[in-house]
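Residue numbers (my numbering), protein chains in the order written: chain U, 1 to 298; chain B, 1 to 288.
Check each hint, because a few of them may be wrong.
Now the in silico label distances, taken between C-beta atoms and shown as ranges [unchecked claim]:
(1) B:Lys107 with U:Asn118: 29 to 39 Å
(2) U:Ser119 with B:Ile85: 18 to 28 Å
(3) U:Leu155 with B:Ala277: 38 to 48 Å
(4) B:Ser142 with U:Ala258: 49 to 59 Å
(5) B:Val64 with U:Ser119: 33 to 43 Å
(6) B:Ser14 with U:Glu73: 23 to 33 Å
(7) B:Leu46 with U:Lys280: 29 to 39 Å
(8) U:Val140 with B:Ala277: 27 to 37 Å
(9) B:Gly274 with U:Thr16: 49 to 59 Å
(10) B:Leu31 with U:Lys100: 29 to 39 Å
Here are a few chain U residues that sit away from chain B, every Cβ distance over 12 Å (derived from the structure) [said to hold, decoys possible]:
(11) Gly48
(12) Leu74
(13) Asp75
(14) Lys105
(15) Leu128
(16) Ile144
(17) Lys160
(18) Gly168
(19) Asp189
(20) Lys240
(21) Pro260
Hints were generated in silico from the structure; no laboratory data involved. It should be emphasised that the depicted structure is a prediction, and the values quoted were computed from it without experimental measurement. For every residue, glycine included, the Cβ atom is placed at its ideal position computed from N, Cα and C.
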Amino acid sequence: MTKSSSSSKSKPDRETIISVRNLRKTFTNSAGKDVTVLDSVSFDVARGETIVIMGGSGCGKSTLLNCLIGEYELDLGEIHYQTKDLSAPKNLTTMSPDEKNALRKRFGILFQSGALFNSLTVGENVALPLSEHSNVSPEVIDMIVALKLQLVHMLPHRDKLPSQLSGGQKKRAGLARATAMDPEILFYDEPSAGLDPVTSTAIDELMMDLSKKLAVTSIVVTHEMDSAFRIADRMVMLEKGRVLKIGTRQEYEVLRDADPASLTRYEDQLMNQFLNGYNKGPLTNADGLSEFEKLITG
Amino acid sequence: MSDTPSANSTRSESLATRSVSSIGELADHQLNKAHTSVSSVGGVTLLLAQTLKWSWRSVFESGVRLRKKALFEQMVRIGVESISIVMIVQVFIGGILALQIAPTLEKYGQVEKVADIVAIAIVRELGPMLTAIVLSGFAGASIAAEIAAMVESEEIKALRAHALDPIHFLIVPRFWASVVMIVGLTVIADVIGITGGLLTAWGVLDISPNAYLDATQQALVLPDLITGLFKAAVFGGLVAMIACYEGLNVHGGAAGVGRATTTTVVKSIVAIIGTDAVFTATFYSLGW
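Same shape as in the complex, but just chain U:
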C-alpha cells in the first residue's frame, strides 16, 4: 500500500493529521499593491510521515510554514488538524487563541536560526516549554532536559549561552527544545541552511533518528535537495505560490534522473531543472537568471 499521491486532491492512505485546503495568502507590498504569495494550495499530511516542502526562493514555502503554525492569518482556505487530543479534525482558522495555544503545545518547531532565547542557557531553553506548560517538578524537568540534550548530542553544552554555540550546535539545541514537550508534529524551517555539508548531513540524520524514535510527523521546508532526498517520505514542490506536484521521494528521484530532453510536460522540465540545479531551463531566462534574481537585480 503506497502512502503517496501525485495530485493535490488525492490523500495519503495513512490517517491524515493535517489537511490543507485551497489556502491563499496575500501580502500588501510597500507600494500598496496586493501580492498573492500562496494560491489554491491543497495537500494532506499523514501521521508519522516526513513531508518536504520545497521550491525556489520566493516561492512561498516559508509563508506556507507560517500559515501551518498559525503565525499568519489566511485570506482563504482551511487547515484542519487531527491531533491525538482532538476527537474530530479542527480548523486552525476558526480556533480561539486558547485553542490555538493548546494545538501549539502539540507542535515542535525548529527555526532557521535556531531562535534560541539568547538570555537563557541551552538547558534553560529546553526547560522553558516544560516549566511553562507542565506541573512536573524541577528535578523531573532537569532529567527530561538531560535526556533531550543527550538525544541531539548537546548534553556537554547544557550550561552554555546560545552566543557560545556554533550554527550546527544552535540547530541541535533548537531541535532539543522543539522536542521537549514530546510533540506530535515537528516543523523544520530550512534545517540545513547555513551549515557545512557534514553538519547538514548530521542534522538530517538526527531528524530521521528523532522521527523514528519519537514517532512524530515531520514537515520540512527546504531548498537543499540533497537533504530533501535524504529525509523525505513525500515531497511537495511549490512554484510561484502554487503546488506543482505532490509525490513520493521515489517519484521525484525518477523525475530528477530523467534526461531533460525526454520530458515533454513544462512542469516536469521545470522540476527537473530545480531538482538538478541546472542553470538553463524553464526556471531561468536566456541570461541564466531566475525570476527572483531578475526582480532583485532589476
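Chain U is already provided as a structure; the job is to place chain B on it using the hints.
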C-alpha cells in the same frame, strides 16, 4: 532666440503641473506621517490594554503564572542600574535651579525662598519628568533594542510557537518594573535634587542647611509628593509601552533595530512632556 507662444504655454503648464504634483506629494507625505502617528498611538493603547489584561490574569487566574523572577530581573535592570545616572542629573538640576532663581529673588530680598521654589519645582515637576526622560534614554532604548533584536532573531515567533504569549512573557514584567522602579527613582531624584539645591544655597548663597531644610519642609505639602509620584508612574508606563511597541513592530534588520531605539527615545520624550502638560493643567484646575 525667443520662445514661441506655444512653447511658453507648454513650459508654464509643465511648471504648474510640477507645482501641483509637489504639493500633492507633500500632502500625501504629511498624511502618511499623520496616519503613522495615529496608528502608533492606537498600537500603544492596544498594547497597554493587552498588558493590563495579562497582568490581571497573572494575579487572579489560576494557571496563568505571575512571572516574579522576570519582574525582579527587570526591576534590577531598569531601576537599580539607572540610580547613578538619575542622581548625577538631579544633583546638577537642583544646583542649577537654585542659582538661576537666586538673582531674581535677591532683588526682592527673598533669597531664602530658593528652598521653597527648588523643592516644589523638583518634587512636582523636574523630579518625575527628568527621571522619566533619563529612563527613556537608558531603559527605554535598551528595552526597544532588546525586543527588536528578539523579533529579528525569531525569538518572539518561537515564544508564540511554544504557546507562550510574548505580552505575558516579556511585556508585562517590563511594564510593571518600569512603573514601580520609576516611582522609587523619583523619590531618590527628589531627595538628591533638593540636596543639590541645599549644597548650592549653602556654598554660594550663604543659606544655612538647617534654614534650607526648614523652608523645604514648610513649602512641601503631601499633594506635591503624591501628584509627582503619580505622574512618574504614568511616565514609566508610557516609556515601557512605547519601547515595547517599537521593539515588537521592528522591520528592516539591524537598521530597523537602530530605528526602533531612536524612535523610542524621541516618542517617549514627546509623550512624557505632552502628558505632563495635561497633568499640570488638570492638577491646576483641580487646585492640587
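Right, here's what the structure says about each hint:
1. Lys107 of chain B and Asn118 of chain U have their C-beta atoms about 60 Å apart, which leaves the hinted 29 to 39 Å range violated.
2. Restraint check, Ser119 of chain U to Ile85 of chain B: a C-beta distance of roughly 23 Å satisfies the suggested window 18 to 28 Å.
3. At about 58 Å, the CB distance of Leu155 of chain U to Ala277 of chain B disagrees with the hint of 38 to 48 Å.
4. In this structure the supplied range 49 to 59 Å holds for Ser142 of chain B paired with Ala258 of chain U, their Cβ-Cβ distance being about 57 Å.
5. Restraint check, Val64 of chain B to Ser119 of chain U: a C-beta distance of roughly 22 Å breaks the suggested window 33 to 43 Å.
6. A C-beta distance of roughly 46 Å is found between Ser14 of chain B and Glu73 of chain U, which places it outside the suggested range of 23 to 33 Å.
7. Between Leu46 of chain B and Lys280 of chain U the beta carbons are some 52 Å apart, a value that contradicts the proposed interval 29 to 39 Å.
8. About 56 Å separates the C-beta atoms of Val140 of chain U and Ala277 of chain B, a value inconsistent with the hinted range of 27 to 37 Å.
9. Range check, Gly274 of chain B to Thr16 of chain U: about 56 Å between beta-carbon atoms, so the 49 to 59 Å window is met.
10. A C-beta distance of roughly 36 Å is found between Leu31 of chain B and Lys100 of chain U, which places it inside the suggested range of 29 to 39 Å.
11. Every CB of chain B is more than 12 Å from the CB of Gly48 of chain U (nearest about 21 Å), matching its label as outside the interface.
12. Every CB of chain B lies more than 12 Å from the CB of Leu74 of chain U, the least distance being 16 Å, so the non-interface label holds.
13. No beta-carbon of chain B is positioned within 12 Å of the beta-carbon of Asp75 of chain U; the least distance is around 20 Å.
14. A cut-off of 12 Å between C-beta atoms contradicts the statement that Lys105 of chain U is not in contact with chain B; the least separation is 5 Å.
15. Under the 12 Å C-beta cut-off, the non-interface status given to Leu128 of chain U relative to chain B is violated; the minimum distance is some 7 Å.
16. The claim that Ile144 of chain U lies off the interface holds: its Cβ sits roughly 15 Å from the closest Cβ of chain B, which is beyond the 12 Å cut-off.
17. Distance check for Lys160 of chain U against chain B: the nearest CB is about 17 Å away, which clears 12 Å, and the non-interface claim stands.
18. Residue-level check passed: Gly168 of chain U sits 17 Å from the nearest beta carbon of chain B, beyond 12 Å.
19. With a least CB separation of 9 Å from chain B, Asp189 of chain U falls inside the 12 Å interface cut-off, contrary to its annotation.
20. Consistency note on Lys240 of chain U: stated as away from chain B, and its beta-carbon is indeed over 12 Å from all of that chain's, at 24 Å minimum.
21. Non-interface status of Pro260 of chain U relative to chain B is upheld: no Cβ of that chain comes within 12 Å, the nearest being about 38 Å off.
Comparing the model with each earlier hint shows violations of hints 1, 3, 5, 6, 7, 8, 14, 15, 19; every other hint is respected.
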